[in-house]
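Please model the complete structure; the sequences and the hints are all you need to start from.
In our numbering, the protein residues as written are 15 to 195.
Derived from the structure by calculation, the hints contain no laboratory data. Incorrect hints may appear among the rest.
[As the list claims (entries may be wrong)] Pairwise CB distance ranges, derived in the manner of DEER restraints:
hint: 1; residue 1: Ala128; residue 2: Arg40; range: 34 to 44 Å
hint: 2; residue 1: Gly30; residue 2: Lys74; range: 24 to 34 Å
hint: 3; residue 1: Ala134; residue 2: Asn41; range: 37 to 47 Å
hint: 4; residue 1: Gly159; residue 2: Met15; range: 33 to 43 Å
hint: 5; residue 1: Lys83; residue 2: His177; range: 19 to 29 Å
hint: 6; residue 1: Ala136; residue 2: Ser68; range: 31 to 41 Å
hint: 7; residue 1: Ala133; residue 2: Lys111; range: 20 to 30 Å
hint: 8; residue 1: Gly159; residue 2: Leu46; range: 33 to 43 Å
hint: 9; residue 1: Lys184; residue 2: Ala96; range: 14 to 24 Å
hint: 10; residue 1: Ala94; residue 2: Glu45; range: 31 to 41 Å
Idealized CB from N, CA, C, for every residue including glycine.
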Amino acid sequence: MTETYIALLRGINVSGQKKIKMADLRNHLQELPYSNIQTYIQSGNIVFQHEATSLSEIEKAISNKIAEKYGFEVPTLVLAAASLQTILVNCPFSPAKGQDIERIYFTLLAEEPAADRLAALAEFDYSPERYELLGKTIYFYAPNGYGRAKMNNNFFENQLKVHATTRNWKTVNMLVEMAGL
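Below is the structure:
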């Protein structure tokens, strides 16, 4: 059965590092058994279809293809499109609660963090920044903007000792829409 997946690449096209043109990436990914490959903006967001399989197998295939074609490693996180839609729906921050939609972010973790790391994270208070962790997603609200946030992707990775990638509300919404959900 064919499933729709979303791949999120970590740390490409940032400050001139790990440059990947999305048109080239789409062409390279067509060498894999994926169909209906679409990308969104330059930060490494890919929507595609593939036979239902293990997410880790898809992550490895995409990472290996990028390493083969570009000569560098890119952490890749793959989710079923329906999972990303659930993440969006479960977001505890919203305009209805007085939060600016342009200040809402989703940090997606490669794995659930250890309990001791979560306890250590809870010690930090960078108000007015706020976060909530549900499963492998950190919902993050940065009222002063992400560029000024102390709790950014690197902060969460360092504190939790897991790979992560962050997307804003607009990007997550668009990826869910592109997936036809």
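To see whether the hints hold, each was checked on the structure:
1. In this structure, alanine 128 and arginine 40 meet the distance hint of 34 to 44 Å, their C-beta atoms being roughly 37 Å apart.
2. For glycine 30 and lysine 74, the hinted distance range of 24 to 34 Å is satisfied, since their beta carbons lie about 27 Å from each other.
3. Checked against the given bound of 37 to 47 Å, the beta carbons of alanine 134 and asparagine 41, roughly 43 Å apart, stay inside it.
4. Between glycine 159 and methionine 15, the C-beta spacing of about 42 Å keeps the proposed range 33 to 43 Å intact.
5. At about 21 Å, the CB distance of lysine 83 to histidine 177 agrees with the hint of 19 to 29 Å.
6. Distance hint for alanine 136 and serine 68: a CB-CB separation of about 32 Å, consistent with the stated range 31 to 41 Å.
7. In this structure the supplied range 20 to 30 Å holds for alanine 133 paired with lysine 111, their Cβ-Cβ distance being about 27 Å.
8. At about 37 Å, the beta-carbon gap between glycine 159 and leucine 46 stays in the expected band of 33 to 43 Å.
9. Range check, lysine 184 to alanine 96: about 20 Å between beta-carbon atoms, so the 14 to 24 Å window is met.
10. Checked against the hint of 31 to 41 Å, the pair alanine 94 and glutamate 45 fails, with Cβ atoms roughly 22 Å apart.
This entry does not satisfy hint 10, going by the numbered hints stated previously; all others are met.
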